[in-house]
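> Protein chains in written order, with numbering that gives the first Met the number 0: chain A, 0 to 408; chain B, 0 to 306; chain C, 0 to 394.
None of these hints come from the bench; they were simulated from the model. Zero decoy hints are in this set.
Pairs of lysine-lysine residues, derived as DSSO-like cross-links and limited to a Cα-Cα distance of at most 30 Å, are as follows:
no. : chain 1 : residue 1 : chain 2 : residue 2
1   : B       : K123      : C       : K94
2   : C       : K124      : C       : K94
3   : B       : K146      : A       : K215
4   : B       : K200      : C       : K150
5   : B       : K200      : C       : K94
6   : B       : K118      : C       : K94
7   : B       : K200      : C       : K124
8   : C       : K94       : C       : K129
9   : C       : K124      : B       : K118
10  : B       : K200      : C       : K151
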Amino acid sequence: MPPRPPENSSAGPVAPEPARRSTLSRRGFLTAGGVAAGVGVSVAALDLPFFSVAGAAQDPMACRAADVSASDARMVISNWTGYIDPRNKPGSTLADFTSSTGIEVEYNVDVNDNAEFYAKVKNQLGSCDPIDRDLIVLTDWMAARMIGLGWVQPLERSAVPNLHRNLIPDLQGKAWDPDETFHAPWQSGLTGIAYNAAEVDEVGSFTELLTREDLKGRITLLTEMYDTMGFMLKVVGADPGDFTSTQWEDAMDRLRQVIADGQLRSFAGNNYLQDLSAGNILACEAWSGDVLQAQLENPDIRFVAPEEGLSLWSDNMLVPNQATHQDNAERWIDYYYDPEVAARLAAWVNYICPVQGAQEAMEQVDPSLVDNPLIFPDAELLRTTWDFKALDDREQSQYEREWADVTTG
Amino acid sequence: MSVEAPAPPRTPGGGRADRPARRSRRPRGSVTGYLLLAPAGIFLLAFFVVPFYSLVATSLFDPSGSDFRGYEMTYAWGNYVDVVRDYWGPLLRAMAYGAAATAACLVLGYVLAYAIAFKAGRWKNLMLVLVIAPFFTSFLIRTLSWKLILADDGFVVNTLQVLQLLGDDGRLLATPFAVIAGLTYNFLPFMVLPLYASLDKLDPRLVEASSDLYANPVAGFFKVTWPLSLPGVVSGTLLTFIPATGDYINAELLGSTNNRVIGNVIQSQFTDANNYPVAAALSVLLSVLIVVMVLVYVRRAGTEELL
Amino acid sequence: MSRLAEQEVAGDALGAPASGEEGPYDGLRIRALTKSFGSYTAVRSLDLDIPRGSFFALLGPSGCGKTTTLRMVAGLEQPTSGTITLAGEDITRTKPYRRPVNTVFQSYALFPHLDVAENVAFGLKRRKVKDVAAQVEAMLALVELETQASKKPAQLSGGQQQRVALARALINRPEVLLLDEPLGALDLKLRRSMQIEVKRIQTEVGLTFVHVTHDQEEAMTMADTVAVMNGGVVEQMGAPSELYENPRSTFVANFLGQSNLIEGTVRRRDADLVTVDMHGVTVSVPAHRVHTDGDRGWVGIRPEKVLIGEVGAELDAPGNTVPGGVITDVSFVGVSTQYLVRMPWGQELQVFAQNTGRQRMFAHGEQVELSWRPEYAFLLDASQDVAAGADRVVG
Ligand SMILES: Nc1ncnc2c1ncn2[C@@H]1O[C@H](COP(=O)(O)OP(=O)(O)OP(=O)(O)O)[C@@H](O)[C@H]1O
Ligand SMILES: [Mg+2]
Numbered sequence: 000m001p002p003r004p005p006e007n008s009s010a011g012p013v014a015p016e017p018a019r020r021s022t023l024s025r026r027g028f029l030t031a032g033g034v035a036a037g038v039g040v041s042v043a044a045l046d047l048p049f050f051s052v053a054g055a056a057q058d059p060m061a062c063r064a065a066d067v068s069a070s071d072a073r074m075v076i077s078n079w080t081g082y083i084d085p086r087n088k089p090g091s092t093l094a095d096f097t098s099s100t101g102i103e104v105e106y107n108v109d110v111n112d113n114a115e116f117y118a119k120v121k122n123q124l125g126s127c128d129p130i131d132r133d134l135i136v137l138t139d140w141m142a143a144r145m146i147g148l149g150w151v152q153p154l155e156r157s158a159v160p161n162l163h164r165n166l167i168p169d170l171q172g173k174a175w176d177p178d179e180t181f182h183a184p185w186q187s188g189l190t191g192i193a194y195n196a197a198e199v200d201e202v203g204s205f206t207e208l209l210t211r212e213d214l215k216g217r218i219t220l221l222t223e224m225y226d227t228m229g230f231m232l233k234v235v236g237a238d239p240g241d242f243t244s245t246q247w248e249d250a251m252d253r254l255r256q257v258i259a260d261g262q263l264r265s266f267a268g269n270n271y272l273q274d275l276s277a278g279n280i281l282a283c284e285a286w287s288g289d290v291l292q293a294q295l296e297n298p299d300i301r302f303v304a305p306e307e308g309l310s311l312w313s314d315n316m317l318v319p320n321q322a323t324h325q326d327n328a329e330r331w332i333d334y335y336y337d338p339e340v341a342a343r344l345a346a347w348v349n350y351i352c353p354v355q356g357a358q359e360a361m362e363q364v365d366p367s368l369v370d371n372p373l374i375f376p377d378a379e380l381l382r383t384t385w386d387f388k389a390l391d392d393r394e395q396s397q398y399e400r401e402w403a404d405v406t407t408g
Numbered sequence: 000m001s002v003e004a005p006a007p008p009r010t011p012g013g014g015r016a017d018r019p020a021r022r023s024r025r026p027r028g029s030v031t032g033y034l035l036l037a038p039a040g041i042f043l044l045a046f047f048v049v050p051f052y053s054l055v056a057t058s059l060f061d062p063s064g065s066d067f068r069g070y071e072m073t074y075a076w077g078n079y080v081d082v083v084r085d086y087w088g089p090l091l092r093a094m095a096y097g098a099a100a101t102a103a104c105l106v107l108g109y110v111l112a113y114a115i116a117f118k119a120g121r122w123k124n125l126m127l128v129l130v131i132a133p134f135f136t137s138f139l140i141r142t143l144s145w146k147l148i149l150a151d152d153g154f155v156v157n158t159l160q161v162l163q164l165l166g167d168d169g170r171l172l173a174t175p176f177a178v179i180a181g182l183t184y185n186f187l188p189f190m191v192l193p194l195y196a197s198l199d200k201l202d203p204r205l206v207e208a209s210s211d212l213y214a215n216p217v218a219g220f221f222k223v224t225w226p227l228s229l230p231g232v233v234s235g236t237l238l239t240f241i242p243a244t245g246d247y248i249n250a251e252l253l254g255s256t257n258n259r260v261i262g263n264v265i266q267s268q269f270t271d272a273n274n275y276p277v278a279a280a281l282s283v284l285l286s287v288l289i290v291v292m293v294l295v296y297v298r299r300a301g302t303e304e305l306l
Numbered sequence: 000m001s002r003l004a005e006q007e008v009a010g011d012a013l014g015a016p017a018s019g020e021e022g023p024y025d026g027l028r029i030r031a032l033t034k035s036f037g038s039y040t041a042v043r044s045l046d047l048d049i050p051r052g053s054f055f056a057l058l059g060p061s062g063c064g065k066t067t068t069l070r071m072v073a074g075l076e077q078p079t080s081g082t083i084t085l086a087g088e089d090i091t092r093t094k095p096y097r098r099p100v101n102t103v104f105q106s107y108a109l110f111p112h113l114d115v116a117e118n119v120a121f122g123l124k125r126r127k128v129k130d131v132a133a134q135v136e137a138m139l140a141l142v143e144l145e146t147q148a149s150k151k152p153a154q155l156s157g158g159q160q161q162r163v164a165l166a167r168a169l170i171n172r173p174e175v176l177l178l179d180e181p182l183g184a185l186d187l188k189l190r191r192s193m194q195i196e197v198k199r200i201q202t203e204v205g206l207t208f209v210h211v212t213h214d215q216e217e218a219m220t221m222a223d224t225v226a227v228m229n230g231g232v233v234e235q236m237g238a239p240s241e242l243y244e245n246p247r248s249t250f251v252a253n254f255l256g257q258s259n260l261i262e263g264t265v266r267r268r269d270a271d272l273v274t275v276d277m278h279g280v281t282v283s284v285p286a287h288r289v290h291t292d293g294d295r296g297w298v299g300i301r302p303e304k305v306l307i308g309e310v311g312a313e314l315d316a317p318g319n320t321v322p323g324g325v326i327t328d329v330s331f332v333g334v335s336t337q338y339l340v341r342m343p344w345g346q347e348l349q350v351f352a353q354n355t356g357r358q359r360m361f362a363h364g365e366q367v368e369l370s371w372r373p374e375y376a377f378l379l380d381a382s383q384d385v386a387a388g389a390d391r392v393v394g
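Bound-form chain A, shown alone (with noise of 0.2 Å):
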């Protein structure tokens, strides 16, 4: 039996659902005081005197530091928090791979919020300096921007033969990155709607959720442009990975409809479940493993595939311009590519794993998990999802004015 953290000795019967955990959901707990810093940082990062402020778009060939892996065997992360297993306990995949490797690793759990964090880093890497960190977690659109502004340092092909051997197929060639070079998913999951089975029939569709007289006034939607606006669309008939400008408008108008008539109680990133489990709101947009976290603690909450398909997302590795230890932070890629070493850390975290053959492993790490679809989707699943189009930097900043405008209305 591989090891287990201590909380799950005294797991209660919330079978078939797995009980292991992290207490906190991928999101953190909060991330607005992050955001009140985030906009400090914004202002102060336009550099005097103000007059016009340059492109923030970086040449990664020209942007990156010497590496000094072979002489320092360290190397510096940021990730979300409760996305790994606990690290500090021997026989934790964070310290077999110090032990098998000899690197050093700093962990830092600073990621909150794709924005915040982007606000943060914005102006090194916008001018070309170093953020001191080797290796950074960020979501798919996150990553797509960050490579566009050509702030990602490629992979060498060689050093990460596991992330090309291994990456499962429905997420490979995304438009933002087609064959890998700038990013390796950490965690992947769905987004879905969840309900609370004690107080309503299933939500089946996001057109339901969108107009069931039920339901009114006690939906959230989540704040993620993303997600939520690749579910607006596939309601107007439109394809999230497709779309004209006249559809996106569509889309708009259908959410700005949708507020009107009150059936949306609020944008949510965070705490919406606490919300669903309270019983404030009914049915929500919602994220695969938050849910999964959320049913330990009442099993009424439900987890739907819509009518409409599932977006699949990954929270994705990226090494930044100026790293100094590319070399160490190809090596933990490659190291968490291992489909025996997924396994240990998907029956922790329990989102979507990204490797193949991590399925077949998890046979030896727990069972019980192995035919748990939120963590391994099978074909019919991941036939139903999609991705949302590449956007390029105008369609990027108007799109999400538009949405900030809906959003804060």
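Got chain A; can you put chains B and C with the ligands on it based on the hints?
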């Protein structure tokens, strides 16, 4: 004492001149005075003037810029027109919520401060500690706990429903009421402490004197206690209104999508949309509006000298 | 004011029957008034009658309960028991703002946010009186503050503030005006002139003034009637001269002016004269000045009533002659010379001799004889503390 200042002119009536000679002694103390001001001045320069200048400059950038392409200074004063046109709703809402919360804080805070100052006896210090006790936990946690208190299936809502004060499908959370309640709760100490400081200084013998002079308790309050506590009222309302108007956490956590305030807009324009010119224009606008309102208010309260 | 009236009042008050059975009285009447703070009794079963229109002084050492008494009359403190009636009406439980009583507070308690005129107008406005401005003007004229009407209290001198406090209370024409040591904070000179001013105003307006002070001189110069309080009770009440000339207790004897108190044994009680043996010297005291029934007592004589002479000299105060004194201290104070004379039994007596020029000054160590007229002496109860009231601070 060195050089005596020239005696001020006698007043025509032959009485004592009103103005003491102190006034013209400035030259001697000036160097020390400026030295003493220096730390505050440097602090202000570094943490207020420079950021504010940056904010104003940012608000005039070409709004079509982006991080990718950069931002150009085009003196786009139109940004201000745009933000007023696009965001007057959340702006007014923020002022309305801030004003409502300030009024609620004033009523609750006055009663509380009065009780602590005059009725608490030896519990005074304990009660003061209790007033600031919420500060020992984070603002976010405190606000989140209000979500529990006002939850749709929570005690408060159920009680109100039983009492028929709230419809069966009525709710408190995600309503303006919840936002104002949250603001009131979070900023109450900022009201209570200055009020307490004012009331505690108030000589209870003055109140006795008023009752000796035929003022019933109500008249005594409005003719003596209230005017003498005005410095506390003014600083309390400012300390409450200013942050309450700029606050967005309460609207975010306790309000619905239709209760968003200007702070939410600024925050999402800054961090989510990276629309710095608009966010900066909104911030400048909000600051200017608040300063103007404060000036008008302080004028009308006639308490410039009390501030 | 006739002295006679007050004498009656004094007797009446001290011999007052239990409250409730008296006829209507148009002044301020206090019966069995008691105030306790926890276990401490600040005022103990106090009886007072203060005639309408009189200037009444409440005199006593610090902490004797004067302020507490006034506060109960004003309604700012609830009595533990007892009654207060004003012009026949029981006001014991009446709210302060309903009582026709105003106070000039020890601290003035002027409203700092109002100017002088507004302070003075305060009471009238609360009662919605018409014609406030004219009355305020007249009142400010009375206290000579017309020119200060629009100043704030903080801009006034101490004496001006005091006059504002007086005007603010007086303008309401209360049945009773209570003054709680209003002059206490003033320097001596200002105090003297304010005493005269207050007295003048009282005479002019004819209201009942109850003036609290612990300055005996102030009480005696201003009041028609003085009540001496000690430890929550009235020790003696009467016209200032009566209190001074015929004190009934060692406390009053010492607190009002100074007294020589000499231990003595009563030898004989006649109808109008009592004979006392004082360390072997026989002296007599008029019967109405004897305030003890016991065999022993304190023979009291004011220092200025004692005559000093050379041994064997002819004295013009026949009756009480005390030989064998030795001068131990001489101080010349201009109008008089003050001697300390050691008597054969060891006690030092005070003697104030007017510098009339008819007698030479005595020197330290000289042998002298003392004498006084019997009608000036008084006899006090031996059980009383000979030093009671002697430690007062003279204002
Ligand atoms: N509120 C109170 N609580 C407890 N004790 C009190 C209170 N007010 C007065 N006392 C006590 O009652 C006694 C009489 O007080 P009061 O103020 O009447 O004295 P006073 O005669 O006016 O003295 P002073 O000449 O110093 O003003 C004092 O011993 C005082 O300590
Ligand atoms: Mg007193």
